[in-house]
Amino acid sequence: MASPPDANTAIGTRKKAPKDPTGSANNRSSRIKPPPHKPSDFCTVPKPATLLAAATSLDLPRSFYSYSEIPENRRGFRYTPCEATTLLPSLMYRQIELPPYRAAVNPHDSSSAALIDGDALSVSTNKGFRTARANVCVREGSWYVEFIIERAAGDNGGHVRIGWARREASLDAPVGFDGYSYGIRDVSGEKVHFSRPRPFMKPFITGDVIGMHISLPPILSQSLDSQSHPVSRERMPIRYKGQLYFEQFEYAVTKAMDDLLYPTANELKSSKPPALLGSFIRVYNNGNYVGTAFEDMFAFMPPYSQLSQSKRTLDDGMCGYFPAISVYRSGSVRFNFGPNFSHPPADLFTNDNVRPLCERYEEQIAEDIVWDVVDELCFEIEDEADMGPVAANQPVASVLTQGPSEIKEIIEDL
Numbered sequence: 229m230a231s232p233p234d235a236n237t238a239i240g241t242r243k244k245a246p247k248d249p250t251g252s253a254n255n256r257s258s259r260i261k262p263p264p265h266k267p268s269d270f271c272t273v274p275k276p277a278t279l280l281a282a283a284t285s286l287d288l289p290r291s292f293y294s295y296s297e298i299p300e301n302r303r304g305f306r307y308t309p310c311e312a313t314t315l316l317p318s319l320m321y322r323q324i325e326l327p328p329y330r331a332a333v334n335p336h337d338s339s340s341a342a343l344i345d346g347d348a349l350s351v352s353t354n355k356g357f358r359t360a361r362a363n364v365c366v367r368e369g370s371w372y373v374e375f376i377i378e379r380a381a382g383d384n385g386g387h388v389r390i391g392w393a394r395r396e397a398s399l400d401a402p403v404g405f406d407g408y409s410y411g412i413r414d415v416s417g418e419k420v421h422f423s424r425p426r427p428f429m430k431p432f433i434t435g436d437v438i439g440m441h442i443s444l445p446p447i448l449s450q451s452l453d454s455q456s457h458p459v460s461r462e463r464m465p466i467r468y469k470g471q472l473y474f475e476q477f478e479y480a481v482t483k484a485m486d487d488l489l490y491p492t493a494n495e496l497k498s499s500k501p502p503a504l505l506g507s508f509i510r511v512y513n514n515g516n517y518v519g520t521a522f523e524d525m526f527a528f529m530p531p532y533s534q535l536s537q538s539k540r541t542l543d544d545g546m547c548g549y550f551p552a553i554s555v556y557r558s559g560s561v562r563f564n565f566g567p568n569f570s571h572p573p574a575d576l577f578t579n580d581n582v583r584p585l586c587e588r589y590e591e592q593i594a595e596d597i598v599w600d601v602v603d604e605l606c607f608e609i610e611d612e613a614d615m616g617p618v619a620a621n622q623p624v625a626s627v628l629t630q631g632p633s634e635i636k637e638i639i640e641d642l
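Per my numbering, the very first residue in the sequence shown carries number 229; after that it's consecutive.
Think of the hints as simulated: they come from the structure by calculation, not from any bench.
Incorrect hints may appear among the rest.
To be verified - Derived DEER-like restraints, expressed as beta-carbon distance ranges: (1) A574 x K266: 29 to 39 Å; (2) P317 x S570: 46 to 56 Å; (3) A594 x Y490: 35 to 45 Å; (4) N384 x A594: 35 to 45 Å; (5) E608 x K500: 28 to 38 Å; (6) E591 x P317: 43 to 53 Å.
We put the beta carbon where it would ideally sit given N, CA and C, even for glycine.
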């Protein structure tokens with residue numbers, strides 16, 4: 229795991245925020261000047277996963293891998309693969325995608341003890357409860373995903389929980405442990421939120437296929453305060469074991485939400501985070517409708533998601549609800565993001581508003597490109613202004629090298 233960054237070397241040189249063409253200059257990120265790139269920083273290729281020999285003891289019909297050569301999202305920081313680019317001379321770096329280039333388990337956003345199979349769809353472990361989140365998040369609209377139960381309900385000692393989790397939810401605890409996630413237990417069929425189980429459905433077992441339909445209101449209606457929160461990304465390229473990653477602040481657990489997990493009498497009377505009215509998670513078992521497990525879920529847009537070590541309330545474009553799998557002692561679950569579901573509900577997809585979650589992957593890429601272009605235009609205008617009349621004809625990149633002399637390299641694990 230990558231060590232926490234040094235504030236003097238990881239952040240770089242800041243400049244005042246450029247004027248936002250949307251009129252929300254005060255809420256956009258201040259400029260982070262990236263260090264210059266090297267020829268080897270272009271067209272980077274991620275290393276393959278390292279096979280964990282102990283995974284064979286799980287006695288499952290496929291091999292599982294440990295992604296031990298990548299930084300994990302933890303200790304207040306988030307990591308995304310990136311590479312240098314000449315197409316964005318002010319930004320200089322852009323996010324890249326990992327194989328298999330589709331909706332899948334995110335190895336950066338999984339517990340270090342979570343084991344992932346070769347096509348990055350199944351999760352297992354040989355430890356206690358560990359959680360893995362997918363690389364796609366839901367921020368608005370209606371989406372459907374299947375969880376194929378490969379081993380659960382005590383089969384060979386394995387148990388699982390499945391559901392939806394925000395980025396603040398712990399990866400070393402089962403989904404439903406805190407207020408940032410909503411889950412369902414295999415052995416009892418209970419729904420779980422804030423670690424409080426409630427009766428919901430019959431237990432599900434190995435071989436069952438649990439479908440979940442999540443629906444959230446339009447993103448423009450979710451800003452529950454009086455301020456606008458445009459997407460703003462504060463991220464800096466770093467080196468980790470010879471590869472480039474964006475390092476950025478992760479959303480952190482707030483004291484108010486933590487207090488609700490272990491409330492006192494006075495805290496029970498305090499107000500909970502606002503709800504997204506009309507939101508829900510509906511559950512299907514082998515294509516048959518079970519019921520609505522959760523309604524009016526907690527709002528996640530700023531200020532109800534707060535970045536660690538940041539006084540501002542920023543939406544980095546990826547705050548929302550992620551499908552999540554929690555596994556215990558050889559329990560195993562496999563994602564099916566669609567579009568070919570094994571047990572599609574007969575009447576669900578007659579509604580054009582419900583979409584297979586696989587489609588969210590390409591949407592996220594498009595959104596990231598859009599915000600790259602917006603940031604590039606804003607920073608290019610600012611950089612040209614900073615150059616002044618004497619240096620107006622100099623390349624923008626020559627000004628940006630006034631920041632750190634090279635990319636910070638993280639060497640040791642913690």
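So, going through the hints one by one against the coordinates:
no.: 1; hint: A574 x K266: 29 to 39 Å; result: 56 Å, violated
no.: 2; hint: P317 x S570: 46 to 56 Å; result: 47 Å, holds
no.: 3; hint: A594 x Y490: 35 to 45 Å; result: 41 Å, holds
no.: 4; hint: N384 x A594: 35 to 45 Å; result: 42 Å, holds
no.: 5; hint: E608 x K500: 28 to 38 Å; result: 43 Å, violated
no.: 6; hint: E591 x P317: 43 to 53 Å; result: 27 Å, violated
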